[in-house]
Amino acid sequence: MGQTRRKDKDTEVIDENLRRVYQDMLDEAVPDRFLDLIAQLRAQDEGSEPTGGESK
Amino acid sequence: MSADPRDEIVDHIPALRAFALSLTRNGAVADDMVQDTLVKAWTKIGTFEAGTNMRAWLFTILRNTYYSNRRKAGREVSDAEGIFTESLSEKPAHDGRLQMADFRRAFVQLSDEQREALVLVGAQGFSYEDAAETCGVAVGTIKSRVNRARARLAELLKLDDEDELEMTDQATMAVVAAGRAGGVLS
Numbered sequence: 001m002g003q004t005r006r007k008d009k010d011t012e013v014i015d016e017n018l019r020r021v022y023q024d025m026l027d028e029a030v031p032d033r034f035l036d037l038i039a040q041l042r043a044q045d046e047g048s049e050p051t052g053g054e055s056k
Numbered sequence: 001m002s003a004d005p006r007d008e009i010v011d012h013i014p015a016l017r018a019f020a021l022s023l024t025r026n027g028a029v030a031d032d033m034v035q036d037t038l039v040k041a042w043t044k045i046g047t048f049e050a051g052t053n054m055r056a057w058l059f060t061i062l063r064n065t066y067y068s069n070r071r072k073a074g075r076e077v078s079d080a081e082g083i084f085t086e087s088l089s090e091k092p093a094h095d096g097r098l099q100m101a102d103f104r105r106a107f108v109q110l111s112d113e114q115r116e117a118l119v120l121v122g123a124q125g126f127s128y129e130d131a132a133e134t135c136g137v138a139v140g141t142i143k144s145r146v147n148r149a150r151a152r153l154a155e156l157l158k159l160d161d162e163d164e165l166e167m168t169d170q171a172t173m174a175v176v177a178a179g180r181a182g183g184v185l186s
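Protein sequence lines correspond, in order, to chains A and B.
When the first sequence is numbered by my numbering, its final residue is 56 and no position is left out of the sequence of numbers.
When the second sequence is numbered by my numbering, its final residue is 186 and no position is left out of the sequence of numbers.
Just so you know, these hints were derived from the structure itself, not from any lab.
Cβ coordinates follow ideal geometry from the N, Cα and C atoms, glycine included.
Please note that a few of the clues may not be correct.
[Claimed, not checked] Below are the EDC-like pairs computed for lysine to aspartate or glutamate, each with C-alpha atoms no more than 20 Å apart in a straight line:
hint : chain 1 : residue 1 : chain 2 : residue 2
1    : B       : 143       : A       : 10
2    : B       : 143       : A       : 16
3    : B       : 72        : B       : 112
4    : B       : 143       : A       : 15
5    : B       : 44        : B       : 7
6    : B       : 72        : B       : 31
7    : A       : 7         : B       : 155
8    : B       : 40        : A       : 32
9    : B       : 44        : B       : 133
10   : B       : 40        : B       : 133
11   : B       : 44        : A       : 46
12   : B       : 44        : A       : 45
[As the list claims (entries may be wrong)] Looking from chain B toward chain A, a few residues come up when the C-beta cut is under 10 Å (computed):
hint : residue
13   : 6
14   : 42
15   : 104
16   : 107
17   : 153
18   : 159
[To be verified] Label-pair restraints from in silico Cβ distances:
hint : chain 1 : residue 1 : chain 2 : residue 2 : range
19   : B       : 99        : A       : 8         : 17 to 27 Å
20   : B       : 73        : A       : 39        : 26 to 36 Å
21   : B       : 39        : A       : 26        : 15 to 25 Å
22   : B       : 73        : A       : 4         : 34 to 44 Å
23   : A       : 31        : B       : 147       : 29 to 39 Å
Hey, can you work out the whole structure from these sequences and the hints?
Laid out in structure tokens, this is it:
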């Protein structure tokens, strides 16, 4: 008995902490490498030929 | 031009990194996976159905990348064990706010499947249906993974002992020890 209430409370505590950890990760600034990559992919499409950057 | 769904991809990068990090638990590996995912998503945009959940689609690509790498490398990341196990005997604070470090230590001990299900549903706010589709499993499977992940975390974080925290430390230890040894809680 009381198990269900306790379980609900556990879930609350866990999800609250989970969201905090996750939010910390979400709040991190996006490194330039990804923005550069997107720009590169876009440039490749538009030129339809390798636009210089083939760093991969 | 402006209707190119790829324009939206960049908005999902923070979520992709967070999801990748939850899976790999290693920043460098996570970012390499995000990079692969972005390239694949960009080139396979034709397989994305307009109007559907793009984040779920991107997460699917990312997790497929993760699991196929894991298979290839045969590296079921096990370094998380051991390193993190030791200090798990700390108890949660009374206000229910756990030390972040404690939570992270417990979190990384979940299986990959439990971790991803919990993150998708509990943190990312995916519906069970979207999470199931992302992971390529049945809705019921996701539900049970999420439940097991929460139960395991509660166990690792000793949340079940919360009521006993009111007692003296010695009494607590005794109860905890008994609970561990023989199923007082069952």
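Non-conforming hints, listed in increasing numerical order
none
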